[in-house]
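> These are the residues of each chain, in order.
Protein chains: 4
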Amino acid sequence: MSNIRPDDRRPIGAEPVSAPPELPAIQDETRPLLSARFRRIRSVTGQLAARLTAEDQLVQAGPEVSPTKWHLAHTSWFLERFVLERFIPAYRAFDDRFGHLFGAARQPAGNPLPEVMRGLLSRPSAEDVMRWRDHVNAAVTRLIDELPTAQWPAAARRIELGLHHEQKHQELILVDIKKAFWCNPLRPAYQPGTLAPLSAAPGLGWFGHDGGLRDIGHDGGGFALDIEGPRHRVHLEPFRLATRLTTCAEYFEFIEDGGYRTPAHWTPDGWRAVRAGGWTAPAYWFKRGGDWHHFTLTGTRLVDGEEPVTHVSWYEAAAFARWAGKRLPTEAEWEVVADGRRRTGNLLEYGRLHPAVAVAAGEDGPWQLYGDAWEWTASPLTPYPRGRASDLSIGCYEGPPPAGHISLRGGSALTPGDMIRATYRAGLPPATRRHMAGIRLAEDA
Amino acid sequence: MSNIRPDDRRPIGAEPVSAPPELPAIQDETRPLLSARFRRIRSVTGQLAARLTAEDQLVQAGPEVSPTKWHLAHTSWFLERFVLERFIPAYRAFDDRFGHLFGAARQPAGNPLPEVMRGLLSRPSAEDVMRWRDHVNAAVTRLIDELPTAQWPAAARRIELGLHHEQKHQELILVDIKKAFWCNPLRPAYQPGTLAPLSAAPGLGWFGHDGGLRDIGHDGGGFALDIEGPRHRVHLEPFRLATRLTTCAEYFEFIEDGGYRTPAHWTPDGWRAVRAGGWTAPAYWFKRGGDWHHFTLTGTRLVDGEEPVTHVSWYEAAAFARWAGKRLPTEAEWEVVADGRRRTGNLLEYGRLHPAVAVAAGEDGPWQLYGDAWEWTASPLTPYPRGRASDLSIGCYEGPPPAGHISLRGGSALTPGDMIRATYRAGLPPATRRHMAGIRLAEDA
Amino acid sequence: MSNIRPDDRRPIGAEPVSAPPELPAIQDETRPLLSARFRRIRSVTGQLAARLTAEDQLVQAGPEVSPTKWHLAHTSWFLERFVLERFIPAYRAFDDRFGHLFGAARQPAGNPLPEVMRGLLSRPSAEDVMRWRDHVNAAVTRLIDELPTAQWPAAARRIELGLHHEQKHQELILVDIKKAFWCNPLRPAYQPGTLAPLSAAPGLGWFGHDGGLRDIGHDGGGFALDIEGPRHRVHLEPFRLATRLTTCAEYFEFIEDGGYRTPAHWTPDGWRAVRAGGWTAPAYWFKRGGDWHHFTLTGTRLVDGEEPVTHVSWYEAAAFARWAGKRLPTEAEWEVVADGRRRTGNLLEYGRLHPAVAVAAGEDGPWQLYGDAWEWTASPLTPYPRGRASDLSIGCYEGPPPAGHISLRGGSALTPGDMIRATYRAGLPPATRRHMAGIRLAEDA
Amino acid sequence: MSNIRPDDRRPIGAEPVSAPPELPAIQDETRPLLSARFRRIRSVTGQLAARLTAEDQLVQAGPEVSPTKWHLAHTSWFLERFVLERFIPAYRAFDDRFGHLFGAARQPAGNPLPEVMRGLLSRPSAEDVMRWRDHVNAAVTRLIDELPTAQWPAAARRIELGLHHEQKHQELILVDIKKAFWCNPLRPAYQPGTLAPLSAAPGLGWFGHDGGLRDIGHDGGGFALDIEGPRHRVHLEPFRLATRLTTCAEYFEFIEDGGYRTPAHWTPDGWRAVRAGGWTAPAYWFKRGGDWHHFTLTGTRLVDGEEPVTHVSWYEAAAFARWAGKRLPTEAEWEVVADGRRRTGNLLEYGRLHPAVAVAAGEDGPWQLYGDAWEWTASPLTPYPRGRASDLSIGCYEGPPPAGHISLRGGSALTPGDMIRATYRAGLPPATRRHMAGIRLAEDA
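Chains A, B, C and D supply the protein sequences, listed in that same order.
Mapping the first sequence onto the numbering used here, position 137 (from 1) lands on 137, and the numbers just tick up by one.
Mapping the second sequence onto the numbering used here, position 143 (from 1) lands on 143, and the numbers just tick up by one.
Mapping the third sequence onto the numbering used here, position 406 (from 1) lands on 406, and the numbers just tick up by one.
Mapping the fourth sequence onto the numbering used here, position 172 (from 1) lands on 172, and the numbers just tick up by one.
Because the hints were derived from the structure by calculation, they are not lab data.
Owing to the predicted nature of the structure, the values given are computational and were not obtained by experimental measurement.
Among the clues, some could well be false.
To be verified - Over the 12 Å line for every Cβ pair with chain C, so calculated as not near, a few chain B residues:
#1 Leu113
#2 Ala154
#3 Leu213
#4 Asp269
#5 Ser313
#6 Thr330
#7 Glu333
To be verified - Chain D side only, calculated, beta carbon under 10 Å to chain A, not exhaustive:
#8 Ala139
#9 His209
#10 Leu213
#11 Asp269
#12 Gly404
What the hints assert, rightly or not - DEER-style ranges, computed between Cβ atoms:
#13 B/Gln47 with C/Gly220: 31 to 37 Å
#14 D/Glu85 with C/Gly278: 31 to 37 Å
#15 B/Glu115 with C/Pro63: 47 to 53 Å
#16 A/Met117 with B/His293: 48 to 54 Å
#17 C/Asp257 with A/Gly289: 50 to 56 Å
#18 C/Gly278 with D/Leu213: 54 to 60 Å
#19 A/Phe286 with B/Gln47: 49 to 55 Å
#20 A/Pro63 with D/His135: 49 to 55 Å
Beta carbons are placed, not taken as given, at the ideal position from N, Cα and C, and that holds for glycine.
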């Protein structure tokens with residue numbers, strides 16, 4: 001049973017919210033099923049934007065984030081370039097100037113608009129961008145219906161990639177509008193209502209694992225990104241994972257104990273980040289009248305100590321763990337525990353758009369593996385052994401991972417449920433606090 | 001007669017365009033006249049914005065420029081704070097959070113929003129900002145009608161100041177939207193139509209002046225900014241002013257002769273600016289297919305060599321003059337020539353929004369003293385002898401002038417006609433190319 | 001009689017210190033006299049460096065300052081390039097790689113070493129640079145003796161320019177080593193001994209002047225820089241100059257009264273400089289145990305309230321004047337008062353290397369016009385009417401003055417006495433605190 | 001037999017150069033042996049500095065490098081603080097101001113001098129710093145002789161750590177003076193002579209390994225840094241290592257093939273580094289007359305295509321490998337191959353101070369595992385499983401490794417031979433080109 005009260009649930013998308021479904025593998029999906037899923041996922045993006053005015057959709061609150069309108073347009077560009085132009089020889093781009101405006105920053109050819117200028121694009125209008133989306137939706141839908149069988153498997157993979165890409169940008173729309181509204185002194189709320197306080201979190205327990213020789217990584221059944229595979233063998237020492245995410249109350253103690261003022265907890269680069277950023281608490285936290293408040297997509301409120309802490313950087317996660325006498329799990333440790341468990345949790349479809357208090361459901365944990373908060377691991381994101389060279393030609397996010405990105409696992413309250421899986425590896429720079437990322441502790445057994 | 005063709009004229013504001021009127025001094029103006037002028041000028045601002053979408057009005061194309069919406073709001077804030085709150089004890093601000101958002105960057109108290117964040121203010125909406133304007137307009141109009149006589153002179157001065165401020169921001173709306181649209185690769189035009197080529201410019205002549213002991217500066221009759229006065233005596237050597245502004249064709253020669261590659265033409269800081277900015281031509285110019293084009297408020301077109309060159313920095317103006325074996329005029333030289341001449345020219349009301357070719361009208365020049373292009377002088381903007389300490393309490397633009405600003409004279413094609421006069425001193429940093437500023441040469445006689 | 005005690009006097013150079021002589025005009029000087037003066041001035045530079053180790057001479061404490069060794073070499077380069085190579089056809093540079101290393105940053109040709117890299121030049125060694133100096137000295141001395149008469153006037157002007165340049169760099173050696181030693185936590189003293197406290201400063205009086213039509217600028221008799229002329233007519237309103245420089249005690253009051261925390265005292269750019277630099281007092285001041293100390297070329301000591309305040313920027317000088325209800329003098333005001341007065345004061349030759357307390361000598365002031373501290377004026381440094389185009393071909397400091405530099409007058413305790421005169425105009429950016437510059441107040445009469 | 005010619009060998013240190021000895025474990029070493037080693041290693045540092053003038057020793061050619069004098073002083077500080085002050089209660093620091101000047105940038109307490117200011121420390125003089133070294137050497141030598149037995153093991157570990165630290169800074173002295181001399185347009189050579197061309201490199205072969213379950217990491221016998229242990233099990237897929245380092249000739253091909261202009265070879269952050277740095281070749285390379293030259297510690301010369309390429313960043317190493325259709329080895333792969341092989345190679349003691357051509361000695365490779373060039377691996381530097389928390393109290397280099405540092409293995413021609421071992425892990429940021437780091441390719445078997 002969930003303790004999320006009905007009024008906190010604001011379903012997003014047409015799916016019933018209670019069960020982020022275990023997805024069938026891509027090859028099992030018939031064309032009608034993919035067509036339906038395509039329409040649903042594309043429609044969710046539109047729904048996320050529909051709560052915003054055209055002006056809201058233009059705001060770019062920093063060089064590393066993008067306006068909603070840009071996300072809406074960029075995902076159409078992706079489908080146009082890597083699906084429609086690829087599989088429909090006669091396809092004509094909706095507007096051939098849009099590739100320059102909304103293409104990936106790292107297009108192998110072309111001269112993309114500098115990322116910092118995305119917030120200047122008052123033209124095309126939000127309305128024109130939605131027209132483009134409709135145009136692309138119709139074209140892809142027809143392609144699904146009409147493409148000759150011989151081309152279908154390749155196209156289906158590309159459409160799946162496009163949907164994954166779409167869902168990734170759904171999450172980015174939400175984290176980026178959160179920052180945009182945070183930067184506005186009026187602090188508007190993205191969604192109406194209030195986030196009611198939930199019950200208390202269960203005490204912190206430890207879930208043990210024997211380690212040994214294990215297999216991790218995607219085995220090639222169903223859709224996955226290149227970076228998730230191939231499945232391969234790793235040797236693990238026995239270890240324990242915390243049964244739930246670190247709470248705000250636990251993170252308070254770190255703050256109160258001078259965590260942000262003690263260099264010994266931090267890596268040298270983390271300490272530089274603390275000083276350069278003037279960090280004294282997670283992003284979106286601020287003190288008012290002696291109490292910590294934070295800004296959420298539902299507006300400003302008191303921090304609830306029982307909820308998982310989020311919007312911390314890897315530096316903060318690692319410093320907290322060191323302060324606590326623990327460590328972060330490696331991504332292999334996380335995956336061998338998550339492997340085979342039900343993919344369920346406080347994900348985008350629940351509509352809370354904020355982490356929820358852990359619930360000790362009818363098992364002995366660990367809980368919150370999926371949803372609530374991305375979990376920073378101890379592992380830099382590197383290709384797996386025998387990982388095949390990623391295909392740069394498909395745009396914006398496949399390719400060799402940047403040096404120094406850290407692997408995160410499990411998705412957050414902003415992650416679409418059918419985007420996440422046990423093998424899914426997100427990668428972020430250690431200093432970023434843009435995402436709804438939190439902390440699960442680990443220790444040697 | 002002007003050679004500006006009818007179809008290039010797009011009148012802005014309710015006034016007949018042909019005669020930027022010689023304004024009566026402020027004390028002569030009765031309340032109804034000021035009320036009418038107030039409504040007219042405020043309405044022009046709204047008309048300038050009405051050509052833009054709400055999205056356009058949000059774009060901030062750099063830290064030193066502001067979104068249209070901000071200009072619209074800021075001018076209301078000025079009236080609310082320095083007129084309404086001052087003279088109506090019971091006045092309640094339309095929204096007391098707006099002062100923080102739209103106040104001057106240099107408010108003596110308060111903690112104004114950093115200028116770079118103006119483009120993030122999707123809220124309040126463009127619509128709300130217009131409602132604010134209406135609210136303020138109604139309140140000021142009533143104040144004009146109803147204020148007790150004892151307070152009227154002080155209030156009238158403040159309202160005049162508010163109108164001057166309003167008109168200054170009208171020009172800024174135009175220069176800032178020009179940059180915003182320039183930064184958008186789609187290069188939208190602010191106004192429809194085309195800028196038809198005009199006739200050839202008259203040959204460059206020289207207008208002589210004997211110099212000697214002369215008086216310059218505002219004499220206190222009618223409204224003027226503190227920095228324009230007091231009237232005082234200066235001693236001038238005999239000199240000559242060019243009869244018209246420097247044309248694009250003349251500036252071409254400088255470019256072709258390696259002007260941007262020859263350090264000897266430039267001051268040391270100017271040369272640094274050339275290299276840091278990668279300057280090879282005025283702002284908004286670019287080469288395509290071997291020809292110089294430029295971007296105007298009416299869209300992109302070939303540069304017309306007969307038109308005055310604009311959007312040059314002082315560094316470029318001074319380097320051009322040095323290359324030409326001439327110099328820039330001092331502001332005193334400019335003023336003694338302009339003093340007493342008719343204030344007429346290609347100003348905002350003509351609606352061309354772009355400099356026009358000089359016309360050798362029925363006198364021997366100099367022409368184009370008013371309108372077309374602000375004229376960079378050789379004079380840093382410093383207070384005049386016995387200039388009274390400016391009143392910082394009235395906000396954003398009075399106060400000691402920054403070190404190193406240069407005085408410009410005469411207004412441009414974007415300057416409202418009744419804002420400019422012979423004594424008017426604009427001040428800009430020598431590196432800026434934001435404004436429609438050009439060059440008039442001078443030489444010793 | 002001076003109140004500078006004998007033990008504070010550390011004569012520099014071979015001249016008797018008591019009387020910085022009224023120099024004969026250049027054309028009256030015979031070759032032997034110029035030869036003697038050349039040898040004396042060049043030798044002073046060497047004496048200034050002789051107090052430093054080779055390591056000290058290499059330190060560059062910021063991009064805008066230079067190592068002592070660089071100054072020693074650069075002045076030789078100047079003579080080699082603009083005197084020896086110009087007048088001796090067969091002259092071979094001592095080392096033809098040195099022009100690249102030690103030439104002016106603004107050489108019209110060539111690709112000079114970036115200024116920030118001057119502190120990296122461990123080679124050539126300090127010893128080699130002194131050998132170069134000796135070589136150049138010998139060559140110039142022989143040139144003075146042997147040059148054919150026809151070329152003599154041109155060469156003499158160039159040598160004078162080289163000597164002026166040499167003396168300018170003597171002052172720079174001292175201000176730059178002061179910063180270098182300040183940046184070293186060991187805070188070494190440039191010269192031994194202590195700066196004994198002097199008697200109290202006379203009360204602040206006001207010296208009146210009637211203004212009117214006056215002539216200022218150099219009249220062409222004797223050596224002067226181009227920027228000092230031509231002599232020309234200005235019209236001045238009646239004014240008063242403070243009889244002495246502003247003291248540290250007076251400046252304390254400004255600090256105590258929140259001067260550095262009150263934006264209304266500052267120009268907008270000045271206020272930005274205060275915040276960006278974290279300024280709370282003049283450069284080289286710091287608080288220890290509740291008392292203001294400062295760092296001098298004789299080491300660290302308590303600030304003496306009776307001494308003139310120095311190492312303030314123009315922003316601070318102007319803000320102080322505004323706070324005091326006064327203003328800075330224009331450079332014309334300064335010059336008409338200084339014109340014809342004896343050039344005497346606490347200049348480099350006194351050896352104090354620090355401002356001294358004003359002495360109310362047997363006249364009614366103003367005192368301290370020369371020496372102690374450069375005096376910031378209200379005047380940006382611009383060419384005078386009919387000022388001839390400066391000759392860029394002679395290197396590093398003649399040429400169009402940068403926009404925004406402010407004129408300073410009178411020299412400091414680090415300025416060689418025969419470099420300064422009533423018409424001498426130094427120019428510095430308003431934010432710099434590198435120089436021993438202070439404040440003389442003025443007011444309208 | 002080595003093909004390094006006798007005249008290229010310039011032995012550094014008192015040891016015979018031919019056999020970097022297999023070091024006995026620390027516990028086997030008696031006090032006299034440690035004492036002798038201490039004196040020898042400390043003396044080598046002095047020898048490295050002795051080729052430089054006091055001026056050379058002061059140069060800091062960038063914020064990330066340090067002057068020689070600073071290295072000389074810092075290593076004394078380390079011994080004073082972590083050995084002498086710890087084990088001799090009555091020990092008085094040589095000069096108690098030096099800790100501030102020469103302490104680690106990351107001291108947990110104290111307020112260390114900003115790294116960028118190290119080049120400003122003309123005082124203390126180079127001579128004083130050598131006196132400090134002598135003082136510390138005498139004190140440590142006496143401590144080794146006289147310390148009570150109970151404290152000996154702890155002290156011995158600290159002295160070993162101090163010697164490791166000393167040797168690490170020996171390498172830094174050389175890489176930093178290389179940059180210093182490179183920045184000087186005179187391009188002085190650190191050591192005299194010429195680097196004669198050697199014979200051709202053997203063709204590139206591949207050394208196979210079966211992978212499987214293997215143990216890596218330090219087993220605790222003898223001295224090692226915390227980061228090297230504990231020994232633990234990893235599972236490896238079969239793989240092949242290149243038999244020698246990548247040569248300059250091979251790297252030429254990458255350059256010629258547009259390697260630096262093709263984003264697809266690079267990670268996104270690597271591509272940004274290429275553009276930001278304007279990279280077109282390894283550091284110290286430049287083109288003159290159509291030929292690639294480079295700067296070495298023996299001066300400027302033509303690049304020898306047979307030598308290993310060095311001074312490449314990880315970005316370049318990884319891009320080269322991707323271009324070549326190969327990859328970099330993981331650090332585990334490198335270590336299982338190196339484990340048990342003789343530690344011999346072109347290390348600091350050979351005195352070449354530059355990589356040498358590979359020699360196919362009497363085995364089938366791989367060659368050059370030790371010396372010549374640090375080898376970039378594919379592995380970010382992270383703590384090993386069950387790695388104990390590092391002790392921050394011992395200063396400057398132990399502590400949690402920064403996020404994003406990459407592990408390098410094997411040492412370079414500048415690495416002291418008894419500092420390196422199979423388990424040694426150096427860590428550097430992926431963008432740095434400061435070190436003599438090169439490329440060994442790997443591939444899946």
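> Are the hints correct? Go through all of them and say.
These are the hints, each one checked on the structure:
{"no.": "1", "hint": "Leu113", "verdict": "holds, 16 Å"}
{"no.": "2", "hint": "Ala154", "verdict": "holds, 21 Å"}
{"no.": "3", "hint": "Leu213", "verdict": "violated, 6 Å"}
{"no.": "4", "hint": "Asp269", "verdict": "violated, 4 Å"}
{"no.": "5", "hint": "Ser313", "verdict": "violated, 10 Å"}
{"no.": "6", "hint": "Thr330", "verdict": "violated, 8 Å"}
{"no.": "7", "hint": "Glu333", "verdict": "violated, 10 Å"}
{"no.": "8", "hint": "Ala139", "verdict": "violated, 28 Å"}
{"no.": "9", "hint": "His209", "verdict": "violated, 13 Å"}
{"no.": "10", "hint": "Leu213", "verdict": "holds, 6 Å"}
{"no.": "11", "hint": "Asp269", "verdict": "holds, 4 Å"}
{"no.": "12", "hint": "Gly404", "verdict": "holds, 3 Å"}
{"no.": "13", "hint": "B/Gln47 with C/Gly220: 31 to 37 Å", "verdict": "violated, 59 Å"}
{"no.": "14", "hint": "D/Glu85 with C/Gly278: 31 to 37 Å", "verdict": "holds, 35 Å"}
{"no.": "15", "hint": "B/Glu115 with C/Pro63: 47 to 53 Å", "verdict": "violated, 27 Å"}
{"no.": "16", "hint": "A/Met117 with B/His293: 48 to 54 Å", "verdict": "violated, 20 Å"}
{"no.": "17", "hint": "C/Asp257 with A/Gly289: 50 to 56 Å", "verdict": "violated, 33 Å"}
{"no.": "18", "hint": "C/Gly278 with D/Leu213: 54 to 60 Å", "verdict": "holds, 59 Å"}
{"no.": "19", "hint": "A/Phe286 with B/Gln47: 49 to 55 Å", "verdict": "violated, 41 Å"}
{"no.": "20", "hint": "A/Pro63 with D/His135: 49 to 55 Å", "verdict": "holds, 52 Å"}
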